[in-house]
Amino acid sequence: KLKPKDLVSIGITNQRETTVVWDPATGKPLHRAIVWNCARTRELAEAHAERLGGLDALRPKTGLPIVSYFSALKLVWLLENVKGLRGKAEAEKALFGTMDSWLVWKLSGGKAHVTDVTNASRTLLLNLETLDWDQELLDAFDLPRRWLPQVKSSSEVYCVCTQESGLGGVRVAGILGDQHAALVGQACFKEGDAKCTYGTGCFIMMNTGSKPMASRHGLLTTVAYQFKGQPPVYGLEGAVMVCGSLIQWLRDQLQILRSAEESERLAAECGSLGSEGLVMVPAFAGLFAPHWREDARGTICGLTAFHTRAHLAKAALDSAAFQAYDVLEAMEKDSSKRLGSIKVDGGMSVNSPLLQFQADVADVAVSKPAIPETTAVGACYAAGLAVGFWHSTDELAQKWKESGRFVPAMPPAQRARLLWDWNKAVRRAMGWVDGGPPAGAAVGASVGVGARGDIGSGGREPKSVLEAPEGPGMGKKYPVFFDDEPADGPRAYFDDDEVRRLHAFTFGQLAF
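Per the working numbering, the sequence shown runs over residues 503 to 1014.
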């Protein structure tokens, strides 16, 4: 049994955006923590985005869109809903932190209020260039600076644990947000290295080197890690909200699985035919990267009386690979780099059929590490580097070993059909949350795009011509018209029933 005297240092890895505020005098939380995927701040996010100049108004400084995911909006909600909290924050009688800050505070006996650059970069308050809190960003959310933790590197001694903590005398010397820790644990130390973690959500991160890379395709620019005395390393990340939690939903809510492990066995019953046209988009609280559509909701498309719970299990597992594909495609476009392989980890990485399907739909080799718990490994590496237990990333890279490799084997036509169906299903998930029917609309009236006979060209000249993407009608050019005064804003549509049904794009999604 290990004792504190056996430990040279410890590292922390944590959920990043999860937000907690506490009383520094008592050490007690002032409200329950708001977890990273909580959607209660959706309306706040929309209001701030509109006021500040759009969803991407803060990307130049933060690398992030203004959405409910990040900590700043959770803080705004707390200030608006916890009585007396603003006064306490301004009087330094309340402190904010992500879970790493909370743990260090408790382990140090209240002597250290710190965070690292990876966690700080997920708040919408950190300037990616200065690596410090930005006053303009604080002003944008009307947040006091004095309750924020001090920003440190990811690998240095932050405190010494108190005797009361049970780890008396042990140094806390590493902090990394969970996905950043996985990147380090996978030894992704070279520019272009990438990893995919299948957990509650799905998170893909690529090392982009010493300068922030702005995303033009819906990804997040973030600090990947920074070791003490060294310049920061940046990354591109795609965050998917629902991955493994979809399997939990099938087990706990629908009760069609007795265990999460049963999903693999059930999916195998589908054989080579797979889900047979059944597609599941798990947008339970919207879609994260690369779409960033908080108005989306979960959909099951292509359902017939033929389908069984085995097909549902297969479609649920497939959705993890499809969502990862969307992010990987955006990552390649942003970086102008073709990924030769990607390292995977997390709870679902034990599912070999899933990893093979991932390799097939993403058309990329998938590499599985010998040690699957890479977040813990990454935190350990950061703590060891800080105290000289290890001396370089080259030394750490030599420790990484592969336990399995999956290469693409799916025929291109089959892959194209699957991705076509997936993209159709994603489009149908979008726009579900809206303001309700327009005032005066007749019950049963068709509003929007895609319903047969609801709108037509009326003999007008088309505003543009769009070439249909992959799938039926591919390559054929169709006239595009706009409904000038629909109740919910301009809509584009095709004057062709079949293609209009298949290509139900909104005005903002058309690029001419």
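Simulated from the structure, these hints should not be mistaken for lab results.
C-beta atoms are modelled at their ideal positions from N, C-alpha and C, and glycine is treated no differently.
Where hints are given, some of them may not hold.
Ranges of calculated distance between the beta carbons of each label pair, as one might list FRET restraints [to be verified]:
1. M912 / A941: 22 to 30 Å
2. Q652 / V909: 41 to 49 Å
3. R840 / D525: 33 to 41 Å
4. E594 / A899: 39 to 47 Å
5. G731 / S761: 42 to 50 Å
6. D896 / R534: 57 to 65 Å
7. E548 / L504: 25 to 33 Å
8. G776 / T528: 49 to 57 Å
9. R553 / K692: 39 to 47 Å
10. K505 / D896: 28 to 36 Å
For a quick check of understanding: which of the numbered hints are violated here, in increasing order? Result: hints 1, 3, 6 and 7 break, sorted rising.
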